[in-house]
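A.B. asks: Here is what each chain is made of, one letter per residue.
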Amino acid sequence: MSRLDKSAIVAGPGYSRWLIPPAALAVHLSIGQVYAFSVFKNSLVESFDTSLTAIGWVFSIAIVMLGLSAAVLGTWVERSGPRKAMLASALCWGLGFMVGSAGIATGQLWLLYLGYGVIGGIGLGIGYISPVSTLIKWFPDRPGLATGMAIMGFGGGALIASPLSNKLMAVYDPDFVSTEPGAVASASALASTFVTLGIVYTVFMLIGAALVRVPPGHGDDSTAEHSPGTNGALVRASKAIRTPQFWFLWVVLFCNVTAGIGILEQAAPMIQDFFREGGDSSVTAAAAGGFVGVLSLANMLGRFVWSSLSDRIGRKPTYVMYLGVGLVLYLLLALFGSSSTFVFVALAVVIISYYGGGFATVPAYLKDLFGTLEVGAIHGRLLTAWAAAGVAGPLIVNGILDTVGEPGNLVAADYRPALLTMVGVLAIGFVANLMIKPVSEDHFDHDAHAANEDRISTRKEAVR
Amino acid sequence: MSSHDTSDTTTTSPALVALAWALVGIPLAYGLWQTLVKASALFTG
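For the record, the sequence lines run as chains A and B. At position 257 of the first sequence the residue is numbered 257 (the working numbering), and the sequence of numbers has no breaks. For any residue, its number in the working numbering is found by taking its place in the second sequence, counting from 1, and adding 464.
Do not take every clue at face value.
[As the list claims (entries may be wrong)] Taking CB as the label site, the calculated pair distances span:
1. A:199 to B:479: 19 to 29 Å
2. A:450 to B:497: 52 to 62 Å
3. B:478 to A:317: 30 to 40 Å
4. B:478 to A:284: 43 to 53 Å
5. B:473 to A:171: 43 to 53 Å
6. A:336 to B:507: 17 to 27 Å
No lab work stands behind these hints, which were simulated from the structure alone. Yeah, the Cβ is synthetic: ideal placement off N, Cα and C, and Gly gets one too.
Required output: the full structure, derived from the provided sequences and hints.
C.D. replies: Next up, the structure:
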């Protein structure tokens, strides 16, 4: 196993740091498939002869496992290094598809929960955080750009997986036509698609694991030179979670994700409902599907564009924009969204780009606050906010909408209470962001800090 | 700034860097194109 250890993957002199983002993307593009899980929903409901809710649990379990495994295994990922973590992620993600496939082939839904949900979900959590700390170490000058590229891949993964899965199902079941409403693929086609995806993703992720390196000097954490936070902070994960800064940032991420899910969850019926008069909507079902595609693009591009911008304007102002401007845009959407489809789409696009940007910028924010000592492990713990928002967001929106009717048969005014609730959620996040101050020296790891200072002065003297 | 050289001066073959980016760029471009086709329905549908 030694070839997988951090010490065995130290880059040689002159190794290009521009090989690290594609390595990270190979992982994130693969695990981003999870957001395209809905393409299997109709076929799975038919195959297992069960409810949409029962199938919906597969995705929910995977996302909860993502948050939990990132939190619990973050320190292991940090210590083991990116190659071992990427390998573990590839094996879990691939095995998840295989076990899920066995569940579909044998009609055992619990195997799909265990495979794709639990095992695959662990692969998601490990894979999501595996390249983050390494990217920040390779790009100390542009951490937002580096993590933005990788986390953009998570958004991009769904864009690839959705058409790819439809094509595979059509290959294995010639009667399946994905463009026909209510089309379902056979159980054997679904099982074969899962096996194919499992193999393809495992190979793709292993290529990423083979490419990845840690920067020279980072083979051993105890002797590596770390980039401190903005006030010289080097904080361990176990200490970071005891700081108010961590929990304010947790609230910031939670609020940003919750508000974004408010739109994403209901995007297609929502745009039709906003432009409904006398029972009929002026927006067709095809156009509503197009709107979902536009939002996917905004989600992906926002991750890269806004996170890169944060390197220039700073992390706190970037979140002031996500939450403050986002709040105003949400308000405009609630009050004037039904004035024209252009206004509705433009507002929703910017809001969703902020949702994506919030995910991509948070590792760099953590680096600024706590330094790079254990930034990957701290990031893993912070992702519990995502898992919590993944449950809370739909609960809030569906809970409010349930009191007025069913999405797809509503009008713009029916959405106002839910949207205004999200304005409140964003306001809480906005205040939490303003409360974030540099971490107190009491939380620094003083031994690591002193040793790091020594290494920096020794290097500077050597340069002279 | 860290001790290690994270600058853009490199001895890695540009072909390897291009290949690595193509490996992830081509599937991503496919996904983007498919999504753009789908998204165009918003303006034509």
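A.B. asks: Decide, hint by hint, whether the structure agrees.
C.D. replies: Comparing the hints with the structure gives:
1. For the pair residue 199 (chain A) and residue 479 (chain B), the beta carbons lie near 27 Å from each other, so the given range of 19 to 29 Å is met.
2. At roughly 53 Å, the beta carbons of residue 450 (chain A) and residue 497 (chain B) sit within the given window of 52 to 62 Å.
3. The hinted window of 30 to 40 Å between residue 478 (chain B) and residue 317 (chain A) holds, with their beta carbons roughly 36 Å apart.
4. Distance hint check for residue 478 (chain B) and residue 284 (chain A): the Cβ-Cβ separation is about 48 Å, which falls inside the suggested range of 43 to 53 Å.
5. The supplied range of 43 to 53 Å is met by residue 473 (chain B) and residue 171 (chain A), whose beta-carbon atoms lie about 47 Å from each other.
6. Separated by about 21 Å at the C-beta atoms, residue 336 (chain A) and residue 507 (chain B) satisfy the suggested range of 17 to 27 Å.
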